[in-house]
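**Student:** The primary structure of each chain is shown beneath.
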Amino acid sequence: MKGTHLGEFEELVLLAVAALHGNAYAVTVKGEIEERASRKVNISAVHSSLYRLEEKGFLESSVGGATNKRGGKSKRLFKVTAYGFKSLKEAQSLRQSFWNIIPQLSTQE
Amino acid sequence: MKKVHPPKLARRLLRLLISEPLFDDFDGDLTELFWERAEAKGATAAKLHYYKDVLLSARNIDLKRKLKFHNPLVMYKNYLKIAFRNLLKYKGYSFINITGLALGMSACLLILLFVNNELNFDGFHEKKSKIYRLDEVQRFGTVSEQKVALSMYPMGPNILADYPEVVNFTRYWTAGRTLVEYNNKQVYMDKLVRVDTSFLQMFDFKLIEGSRADAFKDNLDVMISETLAKRIFGSEDPIGKTLKTSGENLVKVSGVFEDVPENSHLQFDALVGTGMWDSEQRQNGWGSNYLNTYLQLAPNADPSALEAKFDDFLVKYMGEETLEYYTLFLQPLTDVHLGSMDITHDYNNYNKFARSSVNIFLVLAFFVLLIASINFMNLSTARAATRSREVGVRKSIGAFKGQITRQFMVESVLLTFIALLIGFGLCALAIKPLNQIIDRELSMQLLFLPQHLLLIVATTVFIGFLSGIYPALVMSGFNPVLALKGAVSTSRKSFFRNALVVFQYAIAIAIIIGTVVATDQLNYMQNLNLGFEKDNVIAIQMYDDTNEKYDLLASEFNNLPNVTNVTATSQRLGNNLHQTSMQYRADTALIQGSSSFVVVDNNFFDFYKMEMVEGRALSDDYAADEAGLSFVINETLAQEIRQGNESVLGTKFHFGGADTLGQVVGVVKDFNYNKLSLKVEPLFMSKQDFGGWSEMNVKIKGESVKEALAEMEMVWTELFPQRPFEYKFLDEHIDEMYRSEQQLTKVISILSVLAIIIASLGLFGLASFTVRQRLKEMGIRKVLGASVQQIVMILSRKFTLLVIVAFAIAAPLTYYFMSDWLSSYAFSIKLGLGVFIIVGVGSWLIALLTVSLQSIRVAKSNPVKTLRVD
Numbered sequence: 001m002k003g004t005h006l007g008e009f010e011e012l013v014l015l016a017v018a019a020l021h022g023n024a025y026a027v028t029v030k031g032e033i034e035e036r037a038s039r040k041v042n043i044s045a046v047h048s049s050l051y052r053l054e055e056k057g058f059l060e061s062s063v064g065g066a067t068n069k070r071g072g073k074s075k076r077l078f079k080v081t082a083y084g085f086k087s088l089k090e091a092q093s094l095r096q097s098f099w100n101i102i103p104q105l106s107t108q109e
Numbered sequence: 001m002k003k004v005h006p007p008k009l010a011r012r013l014l015r016l017l018i019s020e021p022l023f024d025d026f027d028g029d030l031t032e033l034f035w036e037r038a039e040a041k042g043a044t045a046a047k048l049h050y051y052k053d054v055l056l057s058a059r060n061i062d063l064k065r066k067l068k069f070h071n072p073l074v075m076y077k078n079y080l081k082i083a084f085r086n087l088l089k090y091k092g093y094s095f096i097n098i099t100g101l102a103l104g105m106s107a108c109l110l111i112l113l114f115v116n117n118e119l120n121f122d123g124f125h126e127k128k129s130k131i132y133r134l135d136e137v138q139r140f141g142t143v144s145e146q147k148v149a150l151s152m153y154p155m156g157p158n159i160l161a162d163y164p165e166v167v168n169f170t171r172y173w174t175a176g177r178t179l180v181e182y183n184n185k186q187v188y189m190d191k192l193v194r195v196d197t198s199f200l201q202m203f204d205f206k207l208i209e210g211s212r213a214d215a216f217k218d219n220l221d222v223m224i225s226e227t228l229a230k231r232i233f234g235s236e237d238p239i240g241k242t243l244k245t246s247g248e249n250l251v252k253v254s255g256v257f258e259d260v261p262e263n264s265h266l267q268f269d270a271l272v273g274t275g276m277w278d279s280e281q282r283q284n285g286w287g288s289n290y291l292n293t294y295l296q297l298a299p300n301a302d303p304s305a306l307e308a309k310f311d312d313f314l315v316k317y318m319g320e321e322t323l324e325y326y327t328l329f330l331q332p333l334t335d336v337h338l339g340s341m342d343i344t345h346d347y348n349n350y351n352k353f354a355r356s357s358v359n360i361f362l363v364l365a366f367f368v369l370l371i372a373s374i375n376f377m378n379l380s381t382a383r384a385a386t387r388s389r390e391v392g393v394r395k396s397i398g399a400f401k402g403q404i405t406r407q408f409m410v411e412s413v414l415l416t417f418i419a420l421l422i423g424f425g426l427c428a429l430a431i432k433p434l435n436q437i438i439d440r441e442l443s444m445q446l447l448f449l450p451q452h453l454l455l456i457v458a459t460t461v462f463i464g465f466l467s468g469i470y471p472a473l474v475m476s477g478f479n480p481v482l483a484l485k486g487a488v489s490t491s492r493k494s495f496f497r498n499a500l501v502v503f504q505y506a507i508a509i510a511i512i513i514g515t516v517v518a519t520d521q522l523n524y525m526q527n528l529n530l531g532f533e534k535d536n537v538i539a540i541q542m543y544d545d546t547n548e549k550y551d552l553l554a555s556e557f558n559n560l561p562n563v564t565n566v567t568a569t570s571q572r573l574g575n576n577l578h579q580t581s582m583q584y585r586a587d588t589a590l591i592q593g594s595s596s597f598v599v600v601d602n603n604f605f606d607f608y609k610m611e612m613v614e615g616r617a618l619s620d621d622y623a624a625d626e627a628g629l630s631f632v633i634n635e636t637l638a639q640e641i642r643q644g645n646e647s648v649l650g651t652k653f654h655f656g657g658a659d660t661l662g663q664v665v666g667v668v669k670d671f672n673y674n675k676l677s678l679k680v681e682p683l684f685m686s687k688q689d690f691g692g693w694s695e696m697n698v699k700i701k702g703e704s705v706k707e708a709l710a711e712m713e714m715v716w717t718e719l720f721p722q723r724p725f726e727y728k729f730l731d732e733h734i735d736e737m738y739r740s741e742q743q744l745t746k747v748i749s750i751l752s753v754l755a756i757i758i759a760s761l762g763l764f765g766l767a768s769f770t771v772r773q774r775l776k777e778m779g780i781r782k783v784l785g786a787s788v789q790q791i792v793m794i795l796s797r798k799f800t801l802l803v804i805v806a807f808a809i810a811a812p813l814t815y816y817f818m819s820d821w822l823s824s825y826a827f828s829i830k831l832g833l834g835v836f837i838i839v840g841v842g843s844w845l846i847a848l849l850t851v852s853l854q855s856i857r858v859a860k861s862n863p864v865k866t867l868r869v870d
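If you're matching them up, the sequences are chains D and C in order. First residue of the first sequence: 1, per UniProt numbering; consecutive thereafter. First residue of the second sequence: 1, per UniProt numbering; consecutive thereafter.
It is worth saying that the hints were derived from the structure and are not from the lab. Treat the hints with care, since some could be wrong.
As the list claims (entries may be wrong) - No farther apart than 30 Å at their CA atoms in a straight line, the calculated lysine-lysine pairs in the DSSO-like style are these: (1) C:Lys395 with C:Lys81; (2) C:Lys147 with C:Lys675; (3) D:Lys56 with C:Lys77; (4) C:Lys127 with C:Lys206; (5) C:Lys8 with D:Lys40; (6) C:Lys41 with D:Lys40; (7) C:Lys8 with D:Lys73; (8) D:Lys56 with C:Lys52; (9) C:Lys47 with D:Lys69; (10) C:Lys64 with D:Lys89; (11) D:Lys69 with C:Lys127; (12) C:Lys675 with C:Lys728; (13) D:Lys73 with C:Lys395.
Claimed, not checked - Interface residues of chain D toward chain C, partial, derived using beta-carbon atoms under 7 Å: (14) Gly31; (15) Ser38; (16) Asn42; (17) His47; (18) Arg70; (19) Lys75; (20) Leu77; (21) Lys79; (22) Lys86; (23) Phe98; (24) Ile101.
Cβ coordinates follow ideal geometry from the N, Cα and C atoms, glycine included.
Sequences are here, hints too, so could you generate the full structure?
**Tutor:** Right under this line is the structure:
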């Protein structure tokens, strides 16, 4: 399905939001990805993905509390929608289906 | 602790990069990161990183948060539903609103159709941009300089030979009505025209049969129109058939063309080559003008450069002194229909029309549409108050300002489209009568061409937007609390509305005054004493065969009980008369000049009750009169040839180069034989034996027109069984000179009525609105003892003021324009105050009537009821 295609980074962002349940906003999502994938991610890339994913309906957002740390600005908290979860699962099962037909040979040491 | 802050410059840049609604989120995130880093790695690193983050954020420059909490489709459906409910709820308003706009739109559409037709006249010729008509400016001594659509027989071929930039020419030389015979059946060719072989190559009249290239190669070839072919041959194949003409010539049909379309200035039903007339004498016939010449220029030729060479051309063929009399000029084919109003002797210019009239129509169409649109806008705004609660509810459940604006825009556009549909319907109803008035064949099909339809739809949307935008903005600006209370103050905006009403009324008043003045002027010209009696005169065209029995015919006519007099002339009165050269002696010197000339029968002056100023009229009693040696001249010519204070009677006089064999025997008071916009030109008359009259005039008794015509037809048919009896009333012929003006005034009369109707509709709507607003005030006044009259007065006062202001604006402007227009006529009415007063008072009364329909209702209403509201 073309319209629901998730890019690799998008999938990561989505997974991070899901994993952070309740406390997912740009900074934490960035931290989560950097920690797990051990790679540097710029905040702007996270922003793009978050808002695009929201536009596509994978995420929904609400305004969270403001903290001093943020110069008094409130944060936008993201949550994975049902549709988002479905897409994640589809992506996962797609991969799984490939794994199922790959011969389990010597590579699996 | 020393507080570090993100660099201000970078932050400002971020604000520029990120769209407003997202900025807070982004700013917060970046700031949080900054402080985290500042703690971990120090301020400098954090600052540098902050810069990097901001710069990389440039990728999000077009990022927007889409609001997903409403489904626009549902809302639009709701807008439409509410729009229709409101339409039905306020049927009166809706009716006024839509009708006004529909009237304006249909008027505008029809006028645009007409204007389109006029602008595309002769548009079907592919080479139209390269074809020019050769016209002359003539200056013959005493006759005023005049532009004429005439040229000489040898001009075309010689111009073609002398100037390489001319690639083709054709002459167009009418032969008039011609009787032809086929199988003993006699049929008139109404408009037989002699043309050159190139005619069908230059002009794209559609051929059904025959060849363009070989047309008229044979002198006896004739091409006829489809209709004429049917009339002569019925279902037979006309090609190759021979026809007998009255001159006993046999001509052969070599082609059939489609009937000439209505939008061609050249109209003919049969064509024949010039070959048959191409004698050597004619080829050298410089000096006489009797036909039209059309030239086709080379693709890159410059017409004005060619024009500049024409003086040399004239000198080459006609000698140096010709330049005193003639200048040649080129008129583009596309300009012939609309640009020939100042050209006389323009005999082959079907339905010729004034470009200025087309412009007047355009301006009027625009104004009528403008009035209608203003109406629409005014009424919609006025209606806002009645819907303030709806706006209040919408706003309090979360509608944005933009949504309310959009809602009313959608509604406005919707209404304009309904009006457009009704407008189309009105067009369909009105197009037939309109075609009759303006003598055109307009068709609505043109409106449905994709490009036109697109334009119409675009304009409609535009009108919808423009007239919707003001009410939409006003309504979306309502404070929801006040709106829910129904207490929206509109007094601030009433100035704007009043200004619009004044504007509308000013336009309507101006149009009406203009129409009344123009109609007056036209009536004045048509009823002015022309200096001869034109009533009950019947003009009959004469031909060779009918001329042979002229005397018999005249005496038979004279014997009829209902005929009072019969005379004959060489030209019908009621157009420009042909000019010729003339000469007279002043003392002993021979002076050459030029003047109009009509050959008349001796009783001509008596027949037309013309007044002799000096001397006598022509008479059968003088041998010199019969011999063509006596001349009667008009006052203008007399002035011209008078020596000092001496009488012109006895002045030696003659015409056409012959020495002064004759003499002036009488001076007739100037009479207007031409259009009254032109002054009277010099004219002389005499009886000449030129082998026949071209025109017979019969005066009949006014009370028994039918009987007289029946009797005359009997006499005619007995004498000329081969010719149908055809006649025309002279006054109708004279009226025809003003046809273009008549069409103009008729159409603008209709438009002016429309303008006042639409303006009144608007006023009616506005009045009802104002009155509704002041219901309570009036209720209180009534309770306190105001009478019905007083209340009507109070309510009408404001509108009276508006009309007065409108009048004050319109009257001076109209006065200026109309006196300018009238000054273009040699004989014109005086622009009196009367018209202005009548129109002013009239429009005031209409406005008052409109308003009082509303105010009386209020004044009569029971205050208990009106005060109970709320």
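**Student:** Evaluate each hint against the coordinates.
**Tutor:** Status of each hint after checking the structure:
1. At roughly 18 Å between alpha-carbon atoms, Lys395 of chain C and Lys81 of chain C fall within 30 Å of each other, so this suggested pair holds.
2. Using a Cα cut-off of 30 Å, the hinted pair Lys147 of chain C and Lys675 of chain C holds, with the two alpha carbons roughly 15 Å apart.
3. At roughly 25 Å between alpha-carbon atoms, Lys56 of chain D and Lys77 of chain C fall within 30 Å of each other, so this suggested pair holds.
4. A threshold of 30 Å between alpha carbons decides the hint, and for Lys127 of chain C with Lys206 of chain C the separation of about 14 Å falls inside it, so the pair holds.
5. Simply put, Lys8 of chain C and Lys40 of chain D have alpha-carbon atoms about 25 Å apart, close enough for the 30 Å limit, and the pair holds.
6. Under the criterion of a C-alpha separation no larger than 30 Å, the hint pairing Lys41 of chain C with Lys40 of chain D is consistent with the structure, at around 16 Å.
7. The suggested pairing of Lys8 of chain C with Lys73 of chain D holds, with an alpha-carbon distance near 16 Å, which does not exceed 30 Å.
8. Among the hinted pairs, Lys56 of chain D with Lys52 of chain C is consistent with the structure: their alpha-carbon atoms are about 28 Å apart, no more than 30 Å.
9. Between the alpha carbons of Lys47 of chain C and Lys69 of chain D the distance comes to roughly 16 Å, so the proposed pair stays at or under 30 Å and holds.
10. The straight-line distance between the Cα atoms of Lys64 of chain C and Lys89 of chain D is roughly 27 Å, inside the 30 Å bound, and the hint therefore holds.
11. With a CA separation close to 80 Å, the supplied pair Lys69 of chain D and Lys127 of chain C exceeds the 30 Å bound.
12. A hinted pair counts as satisfied when its Cα atoms are at most 30 Å apart, and Lys675 of chain C with Lys728 of chain C qualifies at roughly 18 Å.
13. Pair hint Lys73 of chain D plus Lys395 of chain C holds up; C-alpha atoms about 28 Å apart against a cutoff of 30 Å.
14. Hint status for Gly31 of chain D relative to chain C: violated, with the closest Cβ pair at about 9 Å, above 7 Å.
15. About 17 Å separates the beta-carbon of Ser38 of chain D from the nearest beta-carbon of chain C, more than 7 Å, and the hint is not met.
16. Evaluation of the Asn42 of chain D hint against chain C yields a held restraint, the C-beta minimum of about 5 Å falling below 7 Å.
17. Residue-level restraint check for His47 of chain D holds (minimum Cβ-Cβ distance to chain C is 5 Å; threshold 7 Å).
18. The closest approach between the C-beta of Arg70 of chain D and any C-beta of chain C is roughly 4 Å, which is under the 7 Å cut-off, so the hint is satisfied.
19. For the restraint placing Lys75 of chain D at the interface with chain C, the shortest Cβ-Cβ distance is roughly 6 Å, inside the 7 Å limit, so the hint holds.
20. Annotation: Leu77 of chain D was flagged as interfacial toward chain C, and the flag is violated, the nearest CB pair being 10 Å apart, outside 7 Å.
21. Because the closest C-beta pair between Lys79 of chain D and chain C is about 14 Å apart, greater than 7 Å, the hint is violated.
22. With 7 Å as the threshold, the beta carbon of Lys86 of chain D stays out of range of chain C, its nearest partner Cβ sitting at about 18 Å, so the hint is violated.
23. Violation of the interface hint for Phe98 of chain D is found here, the shortest Cβ-Cβ separation to chain C being roughly 32 Å, above the 7 Å cut-off.
24. About 38 Å separates the beta-carbon of Ile101 of chain D from the nearest beta-carbon of chain C, more than 7 Å, and the hint is not met.
Hint compliance for this structure: hints 11, 14, 15, 20, 21, 22, 23, 24 are not met, and every other hint is.
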